[in-house]
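Visitor: Here is what each chain is made of, one letter per residue.
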Amino acid sequence: DAGVIQSPRHEVTEMGQEVTLRCKPISGHDYLFWYRQTMMRGLELLIYFNNNVPIDDSGMPEDRFSAKMPNASFSTLKIQPSEPRDSAVYFCASSFLTGGSGNTIYFGEGSWLTVV
Amino acid sequence: KQEVTQIPAALSVPEGENLVLNCSFTDSAIYNLQWFRQDPGKGLTSLLLIQSSQREQTSGRLNASLDKSSGRSTLYIAASQPGDSATYLCAGILSGSARQLTFGSGTQLTVLP
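One line per chain: the protein sequences are A and B, in this order.
Per this note's numbering: the first sequence = residues 1 to 116.
Per this note's numbering: the second sequence = residues 1 to 113.
No wet-lab data here; the hints were simulated from the structure.
A portion of the hints provided could be inaccurate.
[As the list claims (entries may be wrong)] Derived pair list, reagent style DSSO-like, types lysine-lysine, alpha-carbon separation capped at 30 Å: (1) A/78 to B/68; (2) A/78 to A/24; (3) A/24 to B/42; (4) A/68 to A/24; (5) A/78 to A/68; (6) A/68 to B/42.
Keep in mind that this is a model prediction, so the values were computed, not measured.
Given the sequences, and given the hints that come with them, work out the whole structure.
Guide: Written out as structure tokens, the structure is:
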């Protein structure tokens, strides 16, 4: 498997623009997570899905952030309108609930967002 | 709320040395604990996963232990190499919760040749 695939890898956008980050989880995984990493706050969970259904979005910072998972192989994280303080690395991760054998969570390479 | 702490924040050692990275968590009701490695500009690579019923896991030169009663996990790296230089993060999943990880702030390791 190719692992968790994220796009774009890098994006620079102007304040006020809409940003859409994309994620393809590992095939067969039933959990998908969106994390944000900054120097100040480290890694923070934004939202996660189970079987395409959002389970916990309490980490989403504001209404400007939204996430969808229309099918098992695709998810998006959208920021509209973007602000400079949204500059961060956004990671998508996935896992498979296998009971006693693991629940290892696999991360993508991240989307490096800069809002100027 | 589960909190995860890693000490030290940074560590520099000469090549060949054995070293221990520490991770502590506030809630002993932990489901499993995972150690990750992050290289600069890269994503997170899973190193070891320890489930709550286990006490340790080994992979090559890496050994991770979990002591739920004391709220601690350690990552032992034997015979360190310059290629081990990276940031190491531990993350726990709380029992009863779903599968989200709570991360520590990481230990930045530098292995000097």
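Visitor: Against this structure, judge whether each hint is valid.
Guide: Here is how each hint holds up against the structure:
no., hint, verdict
1, A/78 to B/68, "violated, 38 Å"
2, A/78 to A/24, "holds, 15 Å"
3, A/24 to B/42, "holds, 17 Å"
4, A/68 to A/24, "holds, 12 Å"
5, A/78 to A/68, "holds, 8 Å"
6, A/68 to B/42, "holds, 24 Å"
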